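Asks: Protein chains in written order, with the working numbering: chain P, 1 to 189; chain X, 190 to 454.
Some clues are possibly wrong.
Unchecked claim - Straight-line C-alpha distance at most 30 Å; calculated DSBU-like pairs for lysine-lysine:
id, chain 1, residue 1, chain 2, residue 2
1, P, K179, X, K204
2, P, K129, P, K163
3, X, K215, P, K121
Said to hold, decoys possible - Partner residues aside, some chain P positions facing chain X, computed with beta carbon under 8 Å:
id, residue
4, F58
5, R60
6, V115
7, A142
8, I143
9, Y146
10, R170
To be verified - Computed from the model, here is a short list of chain P residues facing chain X with C-beta under 10 Å:
id, residue
11, L13
12, R22
13, A33
14, M36
15, V39
16, E51
17, Q55
18, N56
19, F74
20, A116
21, M124
22, I127
23, I172
24, L173
25, K174
Everything labelled a hint here was simulated from the structure, so no lab data went into it.
These numbers were taken from a predicted model, which means no experiment stands behind them.
The beta-carbon is built from N, C-alpha and C at its ideal position, and this holds for glycine as well.
Spelled out from the first residue to the last, the chains are:
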Amino acid sequence: MMFLEHNYTIDELVKRCKAGERKSQELLYKQFASKMMGVCLRYATDRMEAEDMLQNGFIRVFQKMGDFRGEGSFEGWVRRIMVHSSIEYYRKHHKMMQVVEESEMDEQGVNPVAVANLGAKELMVLIQKLSPGYRMVFNLYAIEGYSHKEIAAIVGITEGASKSQLSRARTILKEQIGKTEGKKYGYAG
Amino acid sequence: MDMQDREFDDVFRNKLDGFEAEPSAKVWMGIDATLDEKSRKKAIMPWLSIAASIIVLLSAGILFIPKKTSTQHHGEGIVKTPPVHAIAQPKQETPIKEPALQTQIAVVPATAKPVIRHTKKIEKTVAPAEKPTEQIAKTEIAKPVEQPILAAVSQKQQQVTQPVVPDSGTPLTVKETANYNMPDLQTKPALIARQQTPVTKPTATASPKKRGIHNFGDLVNLVVAKVDKRKDKALQFTDDDEDESTLTAVNIGPVKIKREEKVER
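Bound conformation, chain X alone (with noise of 0.2 Å):
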């Protein structure tokens, strides 16, 4: 009473095929929690991206927007400190509804030569980087904002510094005098005060020209060019002849200033 392969297999087939089984409640549970838990993964990458963005735009208005306190500090340590680049260091707290604000950024020039040898400090630091982020931009760009020589001086326009030039023998020059008063608080050289107010909108767009980045001033020319997509930027920096950065070009808002040729310095 032999059976053949095929019905024996077939009774297998029959009985089992339909067979059914409640699983306990740990089975819903656990793939509930692992999609959770991969969905998750998915959700995270875009707040990474934004995260990011959000710093880096943070520290581009640290770097760019006016800031309205601090100015007696900062006018201290121009004082106090050999007359370099100071740039303005504004913080994004500088509320855009008020106009009234105004940076002053003073160009001061050296009697030794002090800038030079930060800027090229960082420089090194920089410069290896294969793909200079603007992340990089953001703390490469912090270092120099702690250090004294650099100084931002801003203020109220009824409280407006005057560049004096008192130390002598420096050849100085005063580029632009636009609406001020008499100082009370400044009183060391400066080369170029400007009087700015804060930028709310880029008016015009032009691609900047394509180039690497050899030092300070490319790198922050990098950050501007992301921020301030204007044909003239908030700030600009060429290199001269010594493969060291100026400050050549100044725009915000109303005040424009543009260094045509590599001046008095």
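Extracted from the complex, chain P is given alone in its bound form (with noise of 0.2 Å):
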């Protein structure tokens, strides 16, 4: 196994990989396999539907691996076929349009020290406790910086819901972000 495993290059693996070497392919899962569970992550709402989005997105990555051209960065590449693959599980496993209109919430003012004091993991925790819908829409506009009319495509909805998911799930997140602010100052003290 020393088998100049650090000395490929992306380019030279992705060739391997084209040619079907299982072991080219592995080499590549674990080069991208945990900045893309990264991703994953933020689409699911655990670990176990991740896992479940990861290995959907990576049999894609190979199988497509002929599609890919060189054009851009392979690891934006490998990104959006995660990303679609994971919308894709919703629209599996999940009635994720079913958006529930909650009663009106009033925008709430969120201390910007208090949101930049989070770290990942509970930003994380943030967005995996969004309902599905507002959380693709949070992530694909918010993070990977897609415009409404890309997530309207993509999702399957129009730019209107878009816009007012995207609003919806600020205001949750800011609500939740109050709430644990609170707790952290307003109580514990």
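Mind assembling these two chains? They're in different frames, but the hints should get you there.
Replies: Okay, structure coming up:
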């Protein structure tokens, strides 16, 4: 196994993976697994779901490897596949579009310092608590940087729905952050 | 101290964009297994077609390569049954390197009307098939071989049999009587007796005339055409006026016989 593992460039690995070399596929997987797990976790409710998405995503990566023409970064390409795989997962497993119309929530002011103080893990937990539809739109817009038009196409909703779900998602997140903040500083003192 | 949406989003992006977490080992195992499964499915297809080709070739071989054993058995068959077309029923096991091996094909005229009925039966089952493939040919042709009416006689050169004309009243002709000795087992009538040596390689190629398949003879022609690319096929059937197939040409190695006209029956 002292097989020059660390000397493989991504390009070489990609070439070998295209040829269907299983060992190279494994190396490529190991190269990106943790990063892509981070992506999938944002779209999932828990680790189990995230791992399902990751698995499906990588299978698709290897099957579509031939389509990668080297335009743009390979990692970006893999990441897009992960995002699509995650959305696909909800298409299959959930009726994600059933947006529960909650009673009007007040726009809540959030202390920027409080948000900045939250660690990545805490933010992740907050996102995972969102309902799938909100979570998806928030992820696509705020983190992946897609436009509402693109989101509408990817998820299969209208642009208007994308906008309203985004603002709902933000409101819920702020509300949750407010609660944590309250616990941390308000009561525990 | 409110926060703009953009700033809010940025906090999430900055903290979560590079978020990493080690997935459990079963994820790779699942990927590995799925890729295996898909590649296995892909790999099976070519093997299936290879297997199909082998079956087709084998069945063709069974039909057209002379058989060296079972001489006695089939000889008796001829004695007992009403005379009919007898087709050599060769087996694959026949070693090609043994050129001494010879097969006799005897076409024996029927006193009543035996073959005809038999072939018609086959006709009916075969004809409806829209695309008669070699596989069909294999199964359909196999049937008559099992019947006692069809007899095959294969022998070593030394014990070559002679067609005799014992039946009274039946007009018989022996068309070809190359080098044979007096037989010790065959005693019943034979119209045509042929001595053949096993075919090894086709020499010339000629595309056969394309036509539909209407009867057993056509079916045999089809299969022969697939296997034997020579101008003169190992076996050739022609339709006669009664729309029955007759064996009109035999070409196995050095022995070539062609019946130009419809002669005696």
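Asks: It remains to establish, for every hint, whether it holds in the given structure.
Replies: Evaluated hints:
With a CA separation close to 20 Å, the supplied pair P/K179 and X/K204 stays within the 30 Å bound. Straight-line distance between C-alpha atoms of P/K129 and P/K163 comes to about 19 Å, which keeps the hinted pair within the 30 Å bound. Between X/K215 and P/K121 the alpha-carbon distance is near 23 Å, which keeps this suggested pair within the 30 Å criterion. The interface hint given for P/F58 holds, since its Cβ lies 5 Å from the closest Cβ of chain X, which is under the 8 Å cut-off.
The beta carbon of P/R60 is not positioned within 8 Å of any beta carbon in chain X (closest approach about 10 Å), and the interface hint is therefore violated. At about 5 Å, the closest approach between the beta carbon of P/V115 and any beta carbon in chain X falls short of 8 Å, and the interface hint on this residue holds. The beta carbon of P/A142 comes within 4 Å of a beta carbon in chain X, closer than 8 Å, and the hint placing it at the interface holds. Because the closest C-beta pair between P/I143 and chain X is about 5 Å apart, less than 8 Å, the hint holds.
The criterion of a C-beta within 8 Å of any C-beta in chain X is not met by P/Y146, whose closest approach is roughly 12 Å, and the hint is violated. Proximity of P/R170 to chain X holds as hinted, the smallest CB-CB distance being about 6 Å (cut-off 8 Å). Given hint, P/L13 at the interface with chain X, is violated; its Cβ is 15 Å from that chain's nearest Cβ, farther than 10 Å. Nearest Cβ of chain X to the Cβ of P/R22: about 7 Å, under the 10 Å cut. The hint holds.
A hinted interface residue such as P/A33 counts as satisfied when its beta carbon comes closer than 10 Å to some beta carbon of chain X; here the least separation is about 5 Å, so the hint holds. With its C-beta approaching chain X no nearer than about 8 Å, P/M36 sits inside the 10 Å limit, and its interface hint holds. Against a cut-off of 10 Å between C-beta atoms, the interface hint on P/V39 holds, since the closest Cβ of chain X lies about 8 Å away. With a cut of 10 Å, the hint placing P/E51 at the interface with chain X holds, because the nearest CB-to-CB distance is about 5 Å.
Among the interface hints, the one on P/Q55 holds; its C-beta lies about 5 Å from the nearest C-beta in chain X, closer than the 10 Å criterion. Given hint, P/N56 at the interface with chain X, holds; its Cβ is 9 Å from that chain's nearest Cβ, closer than 10 Å. Interface restraint check: P/F74 against chain X, minimum CB-CB distance 17 Å, threshold 10 Å, status violated. Checking P/A116 against chain X: minimum C-beta separation of about 6 Å stays under 10 Å; hint holds.
Interface restraint check: P/M124 against chain X, minimum CB-CB distance 6 Å, threshold 10 Å, status holds. Residue-level restraint check for P/I127 holds (minimum Cβ-Cβ distance to chain X is 7 Å; threshold 10 Å). Restraint check, P/I172 versus chain X: the minimum CB separation of about 12 Å is more than 10 Å; hint violated. Annotation: interface hint on P/L173 holds; nearest CB of chain X at approximately 8 Å, less than 10 Å.
With a cut of 10 Å, the hint placing P/K174 at the interface with chain X holds, because the nearest CB-to-CB distance is about 7 Å.
In summary, the structure is inconsistent with hints 5, 9, 11, 19, 23 from the numbered list given earlier, while agreeing with the others.
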